[in-house]
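Enquirer: Chains as they are written, first to last, in the working numbering: chain A, 45 to 370; chain B, 45 to 370.
Source of the hints: derived by calculation from the structure; they are not laboratory data.
A hint or two may mislead.
All copies of an identical chain are treated as equivalent in the list; a pair is satisfied when it fits inside any one copy or across any two copies.
Restricting the straight-line Cα-Cα distance to at most 27 angstroms, the calculated cross-link-like pairs of lysine-lysine (BS3-like) are [stated by the list, open to error]:
1. K263 to K47
2. K173 to K229
3. K229 to K328
4. K122 to K69
5. K328 to K58
6. K47 to K58
7. K229 to K308
8. K308 to K50
9. K69 to K50
10. K308 to K85
11. K217 to K85
12. K54 to K286
Protein chains: 2
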Amino acid sequence: MAKCSKCGSKAVIKIPYARMNLCEKHFIEYFEGRVAATIEKYGLLREGESVLVAVSGGKDSVALLSALTAIAPELRLKIIPLHIHLGLGEYSDESLSVVKEVSRKLGVNTYILNLEEAVGAAIPELSAKSNRPPCAVCGLVKRYVLNAAAIEWGVDAVATGHHIDDLAPYALKNMLLGDMSAALKLAPVTTGEEGYLARRVRPLYEVTERECLIYVIVKGLPFVRTLCPNTFLGGMDALIRKFLYELDLRHPGVKLRFMRSLAKTATGRSTDQARIQAELTRCKYCGLPSRSDVCGFCRLTERVLGSPAGPRVREVLRRLQPLHAK
Amino acid sequence: MAKCSKCGSKAVIKIPYARMNLCEKHFIEYFEGRVAATIEKYGLLREGESVLVAVSGGKDSVALLSALTAIAPELRLKIIPLHIHLGLGEYSDESLSVVKEVSRKLGVNTYILNLEEAVGAAIPELSAKSNRPPCAVCGLVKRYVLNAAAIEWGVDAVATGHHIDDLAPYALKNMLLGDMSAALKLAPVTTGEEGYLARRVRPLYEVTERECLIYVIVKGLPFVRTLCPNTFLGGMDALIRKFLYELDLRHPGVKLRFMRSLAKTATGRSTDQARIQAELTRCKYCGLPSRSDVCGFCRLTERVLGSPAGPRVREVLRRLQPLHAK
């Protein structure tokens with residue numbers, strides 16, 4: 045491989061849109077610098093704020109947690125990692141042990157929420173008994189728990205490990221299907237509302253999947269190798285991903301330009317976002333945001349278990365202790 | 045091939061998004077019906093209006109002229125075809141003879157504007173002496189002449205043969221490059237302004253390139269087979285076209301859905317269009333729309349020939365007689 049553009053030592057990665065090759069040391073610097081720059085540029089987090097970091101144990105969330113931990117002192121951020129044990133057999137058990145190992149290596153106190161224990165049912169049962177696809181149920185549960193934890197703990201924002209290769213294909217798909225407002229939700233930040241709806245931030249907005257992978261490898265961090273048993277990438281999504289991959293390979297930077305313009309358009313439309321939020325009400329069971337009188341999570345758990353689990357999840361979160369509480 | 049979904053006789057085309065196979069007769073009915081429906085749905089033309097039809101002699105513009113001629117009596121439209129002889133060697137000569145043959149077959153009186161005669165220079169010279177790419181110069185000249193003719197002749201609208209396979213890749217490219225307002229210009233209709241800027245309409249907005257080709261073949265009409273000598277389709281455009289082709293092949297109707305949503309968004313933004321037009325002024329030489337005191341066409345010809353050709357082109361158009369004036 046080529047030599048590092050900064051110091052001349054052996055490069056571990058080529059960054060086409062920046063026309064650089066970088067060694068381990070300078071790539072780590074580059075990756076973490078880019079995350080810090082994204083936080084600043086889009087106003088994701090301010091000095092002194094606390095941020096809940098969603099950690100599944102996959103390479104992307106491990107990269108997110110590692111980069112945020114590295115830049116936290118400089119930006120004076122308080123990092124609060126949360127892992128949700130989803131009850132998806134071996135995949136979930138491997139995820140949990142990876143998250144424990146990563147937490148130990150990074151020296152962070154991670155919170156673990158066991159869905160089966162907190163709710164009385166894990167993803168497979170919730171999916172089967174509600175007759176809804178597991179990925180839809182899983183998305184609903186994760187969004188609910190992350191927001192509930194942030195509200196319960198008074199955390200300023202929830203950070204997720206979505207990178208440009210997750211977001212760009214999804215944005216493009218929404219545009220192709222004519223749903224511009226869904227595309228605009230894929231901005232680097234969505235506004236929250238005190239004590240009710242947490243701000244959601246995407247610090248990996250401008251990094252690629254490949255960069256996440258190389259970053260966790262050079263940092264010597266473990267990550268889940270098994271695919272989620274419900275993983276399915278076919279049809280239109282696969283075509284769109286392939287297209288964006290080829291396009292950016294031949295025209296480096298197109299993907300970034302696309303997402304930057306989306307972020308710009310989304311920012312210009314903050315009134316739209318406010319309007320959407322104004323249509324939200326509070327769930328009569330758990331008090332968290334809902335489009336009708338019962339939120340999606342309480343409705344799902346009520347149907348499957350006979351009673352809405354929102355209040356119980358909030359109670360469990362309130363008492364939850366992190367892995368290695370100092 | 046399969047049988048016609050309407051009458052059971054031999055089908056000549058499969059229309060995937062409509063889940064139909066059609067014979068010659070029913071495909072002609074389908075194609076012309078779709079053009080008529082597009083005109084009505086998007087309000088391109090109203091009963092009794094006159095429309096200038098740009099005819100290059102390629103399959104798309106021949107399909108446009110043929111379909112408009114067929115539906116003109118029912119919609120009470122006056123069709124005025126105009127062909128511009130661009131001076132691109134054999135390609136332009138073949139185009140002219142195709143246009144003459146098509147006009148004879150369809151029984152329409154086509155106007156021919158010879159650029160070399162009207163301006164004193166054709167595309168190759170205008171391109172070489174201005175040091176600008178031939179396709180940029182050609183686009184500028186055609187847009188100018190079409191608008192000038194419509195204004196000079198008091199025609200209600202200018203129709204061009206852009207179909208969904210021209211427009212969708214271009215719209216997607218603009219979105220990927222972050223230029224949403226350029227994408228929104230690719231709507232089925234742009235508003236005009238009396239005596240100054242002609243309304244532009246795209247009656248083939250919802251038909252595909254393949255449908256245009258099959259239509260002119262089954263109608264027994266000739267079309268230019270030679271490619272323009274300046275044709276170049278590479279780089280990003282080729283990738284985007286290929287992607288949309290594959291996407292629509294596997295998910296029939298996606299392209300149409302995409303362009304319909306674009307049309308809807310563009311319509312909702314008519315205020316934006318008005319604002320853009322408000323920024324237009326009149327060229328001090330020819331009086332036609334311009335962003336500065338001299339329009340692009342007058343500036344180009346002034347630089348190449350020493351004097352702006354706009355006024356002369358308007359004069360030539362005023363005296364122009366159609367091919368077979370009754």
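Enquirer: Now, for every hint given, state plainly whether the structure supports it.
Expert: Taking the hints in turn, this is what the structure says about them:
For the homomeric pair K263 and K47, the shortest alpha-carbon distance inside one copy (19 angstroms) is at most 27 angstroms, but the shortest distance between copies (63 angstroms) is not. With identical chains, the CA atoms of K173 and K229 are never at most 27 angstroms apart, being 30 angstroms at best within one copy and 49 angstroms at best between copies. Taking the shortest Cα distances, K229 and K328 sit within 27 angstroms of each other inside one copy (26 angstroms), while across copies they are farther apart (46 angstroms). Taking CA atoms no more than 27 angstroms apart as the test, K122 paired with K69 passes inside one copy only; the shortest distance there is 25 angstroms, against 72 angstroms between copies.
Proximity of K328 and K58 under a CA criterion of 27 angstroms is satisfied in neither setting, with 52 angstroms inside one chain copy and 53 angstroms between copies. For the homomeric pair K47 and K58, the shortest alpha-carbon distance inside one copy (10 angstroms) is at most 27 angstroms, but the shortest distance between copies (55 angstroms) is not. In the homo-oligomer, the alpha carbons of K229 and K308 lie at most 27 angstroms apart both inside one protomer (12 angstroms) and across protomers (20 angstroms), since each shortest distance falls under that limit. Taking CA atoms no more than 27 angstroms apart as the test, K308 paired with K50 passes in neither setting, with 31 angstroms inside one copy and 50 angstroms between copies.
Within a single copy, K69 and K50 get their C-alpha atoms as close as 10 angstroms, which meets the 27 angstroms cut-off; across copies the closest is 69 angstroms, which misses it. In this homomeric assembly, K308 and K85 come within 27 angstroms of each other (Cα to Cα) only inside a single copy, at 11 angstroms, whereas the closest approach across copies is 33 angstroms. Proximity of K217 and K85 under a CA criterion of 27 angstroms is satisfied in both settings, with 26 angstroms inside one chain copy and 26 angstroms between copies. With identical chains, the CA atoms of K54 and K286 are never at most 27 angstroms apart, being 30 angstroms at best within one copy and 38 angstroms at best between copies.
The structure fails hints 2, 5, 8, 12 (numbered hints given earlier, in ascending order).
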